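Chains as they are written, first to last, in the numbering used here: chain A, 21 to 176; chain G, 26 to 805.
Simulated from the structure, these hints should not be mistaken for lab results. One or more hints might be untrue.
To be verified - With a straight-line Cα cutoff of 30 angstroms, these simulated DSS-like cross-link-like pairs (lysine-lysine) come out: (1) A:Lys25 with G:Lys301; (2) G:Lys47 with G:Lys75; (3) G:Lys49 with A:Lys25; (4) A:Lys25 with G:Lys47; (5) G:Lys49 with A:Lys112; (6) A:Lys112 with G:Lys563; (7) A:Lys145 with G:Lys479; (8) G:Lys47 with A:Lys31; (9) G:Lys47 with A:Lys173; (10) A:Lys145 with G:Lys478; (11) G:Lys623 with A:Lys75; (12) G:Lys114 with G:Lys151; (13) A:Lys112 with G:Lys47; (14) G:Lys95 with G:Lys301.
It should be emphasised that the depicted structure is a prediction, and the values quoted were computed from it without experimental measurement.
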Amino acid sequence: MSTVKMTVNGKEVSADVEDRTLLSAYLRENLNLTGTHIGCDTSQCGACVIHVDGKAVKSCTMLAIQASGSEVTTIEGLANGGDLHPVQTAFKENHGLQCGFCTPGMIMSAVDMINRHGGANLDEKTIRQELEGNICRCTGYHNIVRSIEAAAKVMA
Amino acid sequence: MSAEGIGARVLRKEDKRFITGKGKYTDDFTVPDMHFAAFVRSPHAHANIKSIDKSAAEAMSGVVGVLDGKELTGDGIGNIICGWMIHSKDGSPMNMGAWSALATEKVRYVGDAVAVVIASTQAQAKAAAEAVVVDYEVLPVVVSAVEALNDSAPQIHENAPGNLIYDWEIGEDVDKVEAAIAGAAHVTEMDITNNRLAPNAMETRAALANYDAAEEHFTLHTTSQNPHVARLVLSAFYQVAPEHKLRVIAPDVGGGFGSKIFVYPEEIVCLWASRKCGVPVKWTADRTEAFLADAHGRDHVTKAKIGFDANNKIVGFKIDTIANLGAYMSLFSSSVPTYLYATLLSGQYNIANVHCNVRSVYTNTAPVDAYRGAGRPEAAYVVERIMETAARELGVSPAELRRNNFITEFPHQTPVIFAYDVGDFNATLDAAMKAADYDGFSARRSEAESRGKKRGIGMSCYIEACGIAPSAAVGSLGAGVGLWESAEVRVNPVGTIEILTGSHSHGQGHETSFAQLASDRFGLPTGNIQVVHGDTDKVQFGMGTYGSRSGAVGMSAISKALDKVEAKAKKIAAHLMEADEGDIVIENGEVKVAGTDKTLGWHEICLAAYMAHNLPEGMEPGLKEGAFYDPANFTFPAGAYICEVEVDPETGTTEIVQFVAADDFGRIINPMIVEGQVHGGVTQGIGQAMLENAVYDDSGQLLSASYMDYTMPRADDVPSYNLSTHETICPNNPLGMKGCGEAGAIGSPPAVINAITDAIGNNNLNMPATPSRVWAALNA
């Protein structure tokens, strides 16, 4: 067992966890932040993407203890109170989601993508390549790409 | 009508919870004292179980139960059944082998569940499952449906000699069809394989079973597309609990695509284990379990031949298909390669002579059942590949050969059961060809050649059948259920509305599009309308969502219930305003007497219904109506898809440079949601055509059991799509709808393969058209 301490969505949290506990499991089971989803067991699907110290991370590829001392943001912490993040708004306005299961990971990846490239510099080809690590089975990606394009414009 | 009524692009009401991480899927629920299940699964594709030693597992930390198949059957839990009876052409019933939720004597595929461990944590359950020692006597294995029919193939179920489940036929007399083809001016023959797929909803299957001993009552949260059907089957056939003692809740469900229609062993075992161990039991599949144990899709091998007269009119079409149903018959498996497949083999074409023979067989592979399109993609692939191939052989344009044979008068009775009610196949083909700039293709091909690329174009004119289905009709064909839908419209005293539906939304946006119906009817904002679904305690009964039926059947039931609410509201209004019922008009949230200035608010009528101080003589208080809707016919969505590709001859890599879809779905309620359905369906079809393949080796090991091995379509594998719709209104349901959920997956695979084979000049290419296959075909 190890003690982990981190800031999750602006709140200090701490717990004793088994060393093998994945960050994704810690978020879901210890903190009840079930917006972070588990869609595979090979770090391929991207449903569990969160931000650790401002960078997009597949939370199933990281142990909870590795995130000790970090600032973690999950989908639940992305909106500013009642104000949705522009990427969240864009996914709704462009029908960028259907069943919603991949959506938290998609949104967290998209925020990171726009932050890294700058909203003005994202073209469709780049967006599609950057989404390589996130699988969606419902939307065919068409409206996810439209959502990210729209959000990038707002954030430019 | 209203701004958010029929035809409006209303943004989805359900989105907020999903984009903020507040969706509640089955694995997100916890209950006090919750324990976890882990299944012991067979590592062998075919073996006798000699013994099971549970002692080591039982002694492990946190373990409260290690249960096997003998205990399950000993407690009276029934075998898993297939709910659609198919008779062979000799009149004998299909040969259904026994399927126990936990294997007792024998395992028949890798992943077959043998035992279950219940423990305090998931890690403890998984560790203890590893410690269960099963002594297997390994048996010979067959994974190919064609080989399973050989005399030397291992026998999988005792009561299915030669592994044959049924040998079934449909259509005109086979000798008549053969004679017509023998007299044809041109005959095209093809061997066609439809590759096996894994459905891969992003949320894996899960179950949380909770037995309340004091009430003798079960609650099951589960990933189901049809919770009421699940409850019925769990109760009536598996004897888990009587229906009134079993509540099934399918909360937010992360995609289904058919794979969550069926009741699987795991839900049964979790319910039983919850009672047996006295604790709530949760099971969530990991992705590898999903690959191993979710029902797969497709897996057909077909020989087809089609004859044309001197005027290029089809004179006969004969199809012989072998379908792989895997190791056990899943819930609707028997219907997929028969009534959901062969009935569509007339395509969009006027063909007097069609005959299809289907043999469905057992193999040592995962059960195969409905997956997005379920039989219709297999039919469209046969019809549209052979039409394109025939056009090439005849030296005529693929569009003209199709047009020359299109059905243009409706209703049209095909030789394979269906009576197409309405359509305009030329209109959708025109729209697709215009959108794709089909005429400009040769210039684009030349330009690509100058860059060293091989460019090809292919089309597909699909038809499918949705709106399943008229209950008496499917009953006469062997279905074990009626396929109507139910709805209840509850108007509250303040005028807000709850719509309860037996349909289930797992991505389709019902909470929005269903609300649009009531918005349209009464002129209310969709924000005043709540759609309730997915809970057997809330909705009385329903048949669920599959086969693109929630529009044509589910929304028709809502429409019928709205009719009744409207009629009663008008009676109350007429009474209150001393007017004739026929003069009452409801619009924009107001109830008016036509031609006068008399008006009451919608909410005033609703309140009056519940106050009951002044109702028409003899009228019951309240404003709540229910309806069951049983469709009059299937519906027939149809359309034309055009795919254009560039192949890199050095690597065999294919890029889709444009994909055009022109669909006729009948009346459209929310175009935004319909487009989303097509985007997703086409992408799954492109996945089948170019990327996806569920592959077993000869020993029955599934080689493609993770996302490292099974190629899911990703964002950079597919293009943006060019969509349009053409509406011919379905005459057989009140809203004129046909259905849009599966069309994309049905129409796209042949368009893609027709394009790639056009590009490389070799028609001998199987799905998935991976770079290595394309390169080999190009260099053959």
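Taking the hints in turn, this is what the structure says about them:
no. : hint                   : in the structure
1   : A:Lys25 with G:Lys301  : violated (40 angstroms)
2   : G:Lys47 with G:Lys75   : violated (48 angstroms)
3   : G:Lys49 with A:Lys25   : holds (27 angstroms)
4   : A:Lys25 with G:Lys47   : holds (24 angstroms)
5   : G:Lys49 with A:Lys112  : holds (18 angstroms)
6   : A:Lys112 with G:Lys563 : holds (28 angstroms)
7   : A:Lys145 with G:Lys479 : holds (21 angstroms)
8   : G:Lys47 with A:Lys31   : holds (18 angstroms)
9   : G:Lys47 with A:Lys173  : holds (26 angstroms)
10  : A:Lys145 with G:Lys478 : holds (20 angstroms)
11  : G:Lys623 with A:Lys75  : violated (63 angstroms)
12  : G:Lys114 with G:Lys151 : violated (47 angstroms)
13  : A:Lys112 with G:Lys47  : holds (14 angstroms)
14  : G:Lys95 with G:Lys301  : holds (14 angstroms)
Of the numbered hints listed earlier, those contradicted by the structure are 1, 2, 11 and 12.
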